[in-house]
Amino acid sequence: MIVSWQLLKRFIDLPVSPEEAAVRLTLSGAEVESIEHPEAQVSGVAVARVRSLQGHPSKPNLFVATLETGKGEAVCVTAATNLKAGDKVFYGAPGATIPEVTARGTSKKAELGLRDFGEIRSAGMMLSAAELGLPDVDIVEGILVLPEDAPLGADALSLYGLGDALLDVSITPNRGDLLSILGMARELKGLYPDAVLKPMPEHTSGTEDWPVEFGAIALPDDGCLNYHLGLATGVKIAPSPVEIRVTLAHLGMRPISNIVDATNYVMLLLGQPLHPFDLNTLPGWEITVRPAFEGEKIVTLDGKERLLTAKDMLITSGKETPTHPIALAGIMGGKETVINDDTDVVVLEGASFSPRRVGHTSRRLGIASEAAFRYSRGVDPTLSALGVDYALFLMREWSGAVIDYKKLSAFNLQPEPQPVVLTKKKLHTYLLWSDMEEATQILEGYGIRHVKNLESEYLKAEDLKTGDSRSENFGGNVRAFVPPTWRPDIAIEEDLIEEIGRWRGYDSAPAHLPGVLPRRGDVGAETSLAGAMRACAIARGYVEAVTYSFLPESFVSTLRLPDDDLRAHPLCLANPISQDWVAMRTTLIPGLLNGLKESIASGWREPVRLFEIGRVFLRSGAHSTEHGEPEHNELEVLGGLVCSGTAPRTPWQETLEDFLSVKADVLALLQIRGRRASFLQGTEPFGHAGQTARIPGIGYLARLSPAIERELGFAQPVYIFELSLAALESVEKNAYTPASPFPANFRDISMLVPNDKTQDEVVAEIQASVTQAPVTQASVTQASVMQASETQTSNSEESSAKILESVKLFDIYSGKGIPAGYRSMAFSLCYRTFHRTLNDEEVDKIHNSLRDALGKKGYNIR
Amino acid sequence: MKEEMAVSDLGNRVQEVKDSFERDVAPVTTTEALQGLKVQYLGKKGMLTTLLKSLGNLSPQERPLAGEALNTLRSELEQKIEEKKQLLIQAEDAAAEAMERIDVTLPPRGRPAGAFHPVAQTMHEIVSIMQGLGYSVVLGPEIEEDHYNFECLNMPSWHPARDMQDTFYFPDSEDQETAKRRLLRTHTSPVEIRAMLRYGAPLRIICPGKVYRRDNDPTHSPMFNQLEGLLVDEGVSFSVLKGSLIELMNGFFGRALKSRFRASYFPFTEPSMELDIECVECGGKNPDCRICKGTGWLEVCGMGMTHPFVIRAGGIDPEKYNAFAFGMGLDRMAMLKYGISDLRYLFNGNVSYFLSGRDVL
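Sequence lines, in order, name chains A and B.
The opening residue of the first sequence carries number 1 in our numbering; numbering runs sequentially from there.
The opening residue of the second sequence carries number 1001 in our numbering; numbering runs sequentially from there.
Keep in mind the hints are simulated off the structure, nothing from the lab.
Computed from a predicted model, the values in this text were never measured in an experiment.
Keep in mind that a hint or two might mislead.
Claimed, not checked - Mimicking BS3-like on lysine-lysine, the simulated pairs with C-alpha atoms at most 25 Å apart in a straight line are:
id	chain 1	residue 1	chain 2	residue 2
1	B	Lys1320	A	Lys426
2	B	Lys1320	A	Lys108
3	A	Lys311	B	Lys1337
4	A	Lys108	B	Lys1018
5	B	Lys1045	B	Lys1018
6	A	Lys452	A	Lys189
With the hints as extra help, turn the sequences into a complete structure.
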């Protein structure tokens, strides 16, 4: 909200500058975001009188004015057509400055000078409001004509609210009372005990009967706390005085007419929204404030038709049932009853509405009117009558209206401020400060009254409850306070503590570290897992991404997800910002693919390695529950993407990425969790049919299907993987084992393997076949048995599987010399035991019988 | 006479061999040629062996003297060959190494280091600082119910504070009773409610995670990241909140920063405050600073003493326990620490941007 320093000073005498007040307000909860001096660029502009006005001798569209400036005479040429001799205007003599209108606003100054128009030399300028930086203040195009009593020669910045300082204050939603000059004055009175509040403007209503038979005001909806109608007859719609137009423009409201401006002005000053109806447009001469019917409609004054529910509240009029809606209570008037240029009788509404009801409707309909903003944050219910009287007074002043009529009023139950108790104990707990005397003074400063007679009642009740003796509370350690009508936010003890805390300022409070808990801080399995995984991925050259959790729905078809795939049925938002962000992701791949796309689009030609740790959102099995509402699972996933980039040329060709290079990364990620996961030939709807691996229980690794790569415009293969982090949360511990002290014997074996047999299968068969190899106890030497008893405690019987320590593929070849459908695989086998040296003949024997066994299984051993 | 001749003849022969060796060894440039030379002089058929054989012609009296002279010659030649050999090996190594010279400025083979995401990094850094103060991490669902996201936090449907948190809803929640309506959580506060209900008091937690609001402009992303903290105990004072946050900020930015605590408002805390830290860019010295807009202060964290309503909603007796809570935007913290100027760079996965932050290539 914008606060005018000049208006503020009409309500309070303050001992400080706007800048000092701004700091105090900011630290105590009303953040002053800026202090503007809207006329900072204006200088040397003063009131002058047009003594004479003639046409320019040679230029037909110009006039020559002779001005009386208070210091002498000046000649000024103008193109404006709205002047006549005798008018008072703002005149900027040569040397005066006005804002220069630039593309970035009016932050620069322009200096006025002498300028020749044909044979006439014009000294300075007569100014429009727009030229002073206030285009809304102008009524007609041309020079701003001032009231007749404008003092000749007076500086413009001393008149009509010009030269004001404006504080842009950010008001928190609990402080509806601060949405007015009056409220800000009260707040400053609380903050500066030496400041003096000035008496409120008092205007009593008239006593005359209304000239028309106006019937009852009925309030069947208790969301209307009270309702007042004032009457102004003989209204002449015209612009409001220049000072009011300047003030409204400063405070961000467009001046409209004397009647509308009067209601807005009162709202800005007191915080009470008012609504004027044209009496002659009312469907009937009675008012009913009632809930809307389900499906009822009203066209509001902005021309929009609003569909209503039973939770909305309407101002209605007329005798027929249902009564005819004329305004959306507290939010916006109806189009039919709006004030127009011919209005001569104004019925003025001042009412108090429930913040909840107004808040509910304005949020549902998305109407952020000034009235709704204030009502939904709470308007002091005692202000409505006062607001009507004050606005009627202004209407008489500005439009010559007759206002000597009785006010018509109706009331529902009024909220009474309830006492709130402050205890020294809680005050001390919260703030580590507890001077109850000073605390009381602080609260009194805000208008929160200390009421002693309520205290004794409270103490009695507390004694009964706690069995404490009253003496413990002796000395004012428990005090009762009643907040003023404009502070409904003060309802519990903590609210009082906040008033004290913010008055004192939190910077003065001591700072402590939390005491000892019976346990240390625990990062938790998920976060520490994420930490370990990201460290591993980054070390392996991956860039960490965070991408949006929502995707366009088209990701389902882009990834070819079939209907029976859970990932094809994302949860979708009811109110997305755009169709690009509508479906909750069921996989991290689209976000990573987009990262690849963005990287390439920004000119990146190098390899792209991306990973993201984040959640995917899956419906849980059935598409909906008994409530018809999708239950869902949120799964933490690590997704990765690797592509050699758009310019994969490098002097070192072997560094290009492929399925197996990415497999090494996936294995590393699993290895840091102790996993020796197997990769099985698998399928993914979006995976390359021949290059997709399933990692059971954990995830998959795949090359993107070439069709999708083509479709997305990636010229190089794209490898992707997703790993479920829940599956990796526990660490599998593998025992640390020293190498055998006995030497290893290596033998190679080379064989033809059909293409449909995987390496893992072959290795498994090699390992299985070696068990058949005979081992003779005779070859075990005495010495090695001795050593074995040290290393192998339980069973010294040799398992031949353990003799084969490892099987390692070292060559693979297909093509020339190899039959079609086969590849040649060469393995290096390591024979070694933990408890003795194997001699050559022994190893040969085992190895040869292994070769025989594999041969019998149909392998062509080479 | 004849024998005398023989001895002096041997002396001459020794000198001849020496001279011949000097002549022959000088032009040798390879260890291979040197080996040939060695054989030529010291081998089985070498010149020295021939001389040794000729000792038989000498008288027994002369033999020891001559033998000694020949042995001296042998060790002299051996030493010279060894010296020459060392020189040649050095020269050969030097030549070979010169041949194997590598342009050390060539691009490396293999992958360069990756890069962290500033927001994820910020989250992990703050988690570790707070762990040191005894706070544990608790996580919760991103798709929440109105009940936990708003109602429990003292933000009923009519509450004006909901204006500040424009919310994404899920479609089939229209017919639901309000409390069950599903939405994308607008803050991580609902995790605090769930934690209170699950663990009770005392409690000391932080809740990092993604949150969502229906905003999209240069300074607001519809998805962003928050970290909230909650401490529940008996007799909790604002001072402990203040101490925890000063520690967090100084730890995160790595130095002691000026700070100020301003009164503010949140529906779920009473009293409420906000923390401003000194501008990490200009320290308040630059009136045109683009980070602090010349104010010298950066708003980084909202906080307050948890509203009794919220403590009760968490299943804890507010008469016995009280609490404080705080919340901050991890994206903002990351942008301040890592000097990131635009929120929109954070969520598009552009590797060139993230790698640029660690000065690659």
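Against the earlier hints, flag every one the structure doesn't satisfy and list their numbers going up. Going through the list in order, the structure violates hints 2, 3, 4 and respects the others.
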